[in-house]
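Chains as they are written, first to last, in my numbering: chain D, 905 to 1508; chain E, 5 to 355.
By construction, these hints were calculated from the structure, which means they are not laboratory data.
Where is the CB? At the ideal position from N, CA and C, for every residue including glycine.
Warning: the hint list may mix true and false statements.
The following residues of chain D were derived to be distant from chain E, with all beta-carbon distances above 12 Å [as the list claims (entries may be wrong)]: (1) V930; (2) P931; (3) I940; (4) A976; (5) A1133; (6) R1161; (7) R1250; (8) S1252; (9) I1273; (10) L1416; (11) F1418; (12) Q1424; (13) P1436; (14) L1481; (15) F1505.
Restraint-style ranges between C-beta atoms, simulated for each label pair [stated by the list, open to error]: (16) E:I274 - D:T1054: 30 to 38 Å; (17) E:G174 - D:I1273: 40 to 48 Å; (18) D:I1353 - E:R22: 19 to 27 Å; (19) D:F1505 - E:E212: 30 to 38 Å.
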Amino acid sequence: MILTGSPNTVAEGRVSSIQAFVTSGVPYYVPTFERIEKNALPWWHVNPWALTVPWLWAGLRGVWLVFWIALAIDLLGIVCLMQVVKFSPLLAEAQANAAENVTLIDRYSKWIRNFGTAGAVLLVAGRLWVGGRADRWYYRQYSRWRIDQTIASGVDPRRLLLAGLIMLIVSPLTIYRATQLRLDGRACLNLIRAGEETDALLLRTGVADAASLIDGLQAEYDDLSDQFARLDAIRDRTSEQNSRRSELRKLLRDTGRDLETARTAVATGWREKFDCWFIDDFPTLARLVPPENVIYRRVPDEEAIASGRDGATKVVRTVKDPVEGRRVNIFTYSAESIDISINYLRASFAGIFDAMTNVLRQSLIRVEILFMQTPWPVISFLFLALAWHYTGRATTVFVGACLAFLAAFELWQVAMQTMALVVVSTALCILVGLPVGIWMAKNKWARWITEPVLDVMQTIPSLSYLVPAVAFFGISQPPAVLATVVFAMPPMIKLTALGILQVPESTKEAGLAFGASERQLLIKVELPMAIPSIMAGLNQTIMLALSMATISAFIGAEGLGAIVTAALGDAQAGKGLLAGIAIALVAMMIDRILKGIRMSFSRI
Amino acid sequence: MTGYVVELEGVWKVFGDRAVDAMAAIQSGGLSKAEVLERYGAVVGVRDASFSVSEGEIFCLMGLSGSGKSTLVRHINRLIEPSAGTIRILGEDIGAMAADELRALRGTRIGMVFQNMALLPHRSVRDNIAFGLELRGMDAFSRTRVADRTLETVSLHGYGDRLPSELSGGMQQRVGLARALAADPDILLMDEPFSALDPLIRRNLQDEFLNLSANMRKTTVFITHDLDEAIRMGDRIGIMKDGEVVQIGTAEDIVTAPADDYVADFVAGISRLKLVSAGKIMMPIERFEALNGPVDGADQYPTAHPDDDLDTLVGLSTRSARPVLIRTEDAVVGVVDKTTLLHGLQGSAGA
């Protein structure tokens, strides 16, 4: 006898395991689970509890899948039914004047009918479906529980409480929202403004509460309108009376508006406040006095020039008068503060920014000359030779075709401009990216700081830093280069760091064991072994730089990208498409050649 | 100078963020390994290890994986800093060395061979071997000559221009050995050098290394997890368990007198034929004569020297009905009869 354990004890073990899992309702679940195992559960089988109170049943037993499905179905059904509640009064209103509102009545009754049917069907069919699936899902949970005892089992009133809490958070607000028409977008803002202005009025008049403020305003208004009526009644007014009259009219208008504001503020009920705070948009949290509107300008410093320092300048700070009573939300407040800071930095450190711009411009001009003034046969030959040496015949033909495309469409010089931009940007990326990558690989803290910065650099939309780039460097090629560097550098840094980190610990240990210093280890062991990874980073950097060509053309980069942006402005699809294809071909050409060069490295 | 090339005295290594506190607590309170882990979250890698290796000796450190032998050997060239204890190389305390002195020591005095070879994949075999020399600033011409000579020593003549990836595992490890030998160091640290190789090549390399070692007389610390290898290679063997060196001795010492049950378990399956000598198992002549009367006609007995191994005794014993007399140059010192011999083979006698 190889099999120990009689059929009886096996069956008992099964029953006791189910018992331990379900704890209550054993007489129901033991045979049900058995029928599920035997594939003998009839199609119409329904768990009565899951049919009637699915969320409670699922909560109590911890079958959260059923809980969420049932909650979603029920809520969706109820929301549909609530549309009936929402549109019924509108329909009644329209029917009061049936002859004029034929289309409205038609539309509303159709909506009511459709939503009502959909809701009812959803509720009934959904419940039936959940009730029918419930035991099978419960059985699946039981199977998982047998492997992992931490999975919810038995009945637990605390879970019931949790389920109730979830429903309390999710259901009432959702259902209430479904009965309400969409709020006017400005309604909540107007309420807030009315409150603010009333507070200001209270402060100005020194009146204690809003009710007496309204009384006072009403009295003033009545008084003013009396005076106005008296003046108005006079046929032949003197010029003095006339001016008094227009003055009164203005006062009357202002007082009337204040009165209206105060009434709105007082009349704002809890219902409006609730709607504004909870069911529409996220409420406006704070209304702040906007930052002081300061403008920094750099102007010639007359005093210094007079004392002999030619071309001396100074920063002048002027403050614009604030708009009376203007309040802004946190977003606007921060945005304006940033604007002012940029303005300040630009004015104060103009020298630095101008110097940077100059360096970039000069190097760009040199590279542009290199590319644009080298005769086209030489450049073509160099590209083809590189392709031939490092890659196969097919790639060489492809590179030739790309060059022919550029030449045939007379995009040669423009493409060379783009190349120059890419070369300068890539050089900057290497210059900065390589050391930063090494630093990042060597230092845990550097990694900790750099990684989020890199993620931001890669994901922040380039248009949003083009604006500050223009603020600092003006519209020209240099800020385009900088924007390109920001976008294209992360892979260089990341893959340099990755390459160094991937060097096996044992290889580094061997280097140290033979007497290498940290520096020797980096130069002779880590960097050579990281080269394939660094080359991959370089490749990606170049591709990204090319893909920035169009975006940076918005701020003055020349080259193929400029043709695309110009075509965008003039809605010339053909031009844009051709220039776009040219960019893609330049990118692919460089990519293929670089890939060949990389392969020649990765033989090791 | 004590005459030892490598000396370790009371070396401890505790890993973890709070290793310093843990070490202090151990020194004052004598905590167990588990207590240190619980209280300080620190792992004791090496526990109070002391041993000395004399010139030209091959000292084997043997233990299972995780017993701390690789950690311990990395203390000898200070790839790992000890938490406590002193390490002297050629009489000099390396704990007190400045960074550049230490680099010079590693570059000239100590060669190391690694289990996974750890060759530089982007350099040719020759440049790998010359790596240490290059680090020291030797010119290309001289270091190439040294590397080529060393290549011959490990019978890899003509492979200098290959990349490591083009070589088989056994050949790669020869390159690793050549790299360690290139600077002609006094000391070789071998960290499970042959463990990753298949048995035939392992045996081959073991023999070759023993030959080389006999010629060059390098002081060697040899790490292995394989007792057979330890017995084959080691003049002396240190057995490690849980970071502690539990026994040090010759293969025979360890097989005949294991220090504890752990070591006994370890050596239980080892064949004693070639390990144990007659002197260890013989019955002293006085006792034999007291029991059986004086041995007369000594010429008719087979005789052996006390240093002869059991294999020899078995051979003698099968050719004669009489017990084997064990004699030195001067006198008969003991007797091995068949019972004693069988007990000796089994390992149950004298224990």
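Going down the list of hints, with the structure as the test:
no. : hint                         : result
1   : V930                         : holds, 43 Å
2   : P931                         : holds, 49 Å
3   : I940                         : holds, 47 Å
4   : A976                         : holds, 46 Å
5   : A1133                        : holds, 88 Å
6   : R1161                        : holds, 69 Å
7   : R1250                        : holds, 47 Å
8   : S1252                        : holds, 45 Å
9   : I1273                        : holds, 37 Å
10  : L1416                        : violated, 6 Å
11  : F1418                        : violated, 4 Å
12  : Q1424                        : violated, 6 Å
13  : P1436                        : violated, 10 Å
14  : L1481                        : holds, 45 Å
15  : F1505                        : violated, 9 Å
16  : E:I274 - D:T1054: 30 to 38 Å : violated, 47 Å
17  : E:G174 - D:I1273: 40 to 48 Å : violated, 58 Å
18  : D:I1353 - E:R22: 19 to 27 Å  : holds, 26 Å
19  : D:F1505 - E:E212: 30 to 38 Å : holds, 35 Å
The earlier numbered hints that this structure contradicts are 10, 11, 12, 13, 15, 16 and 17.
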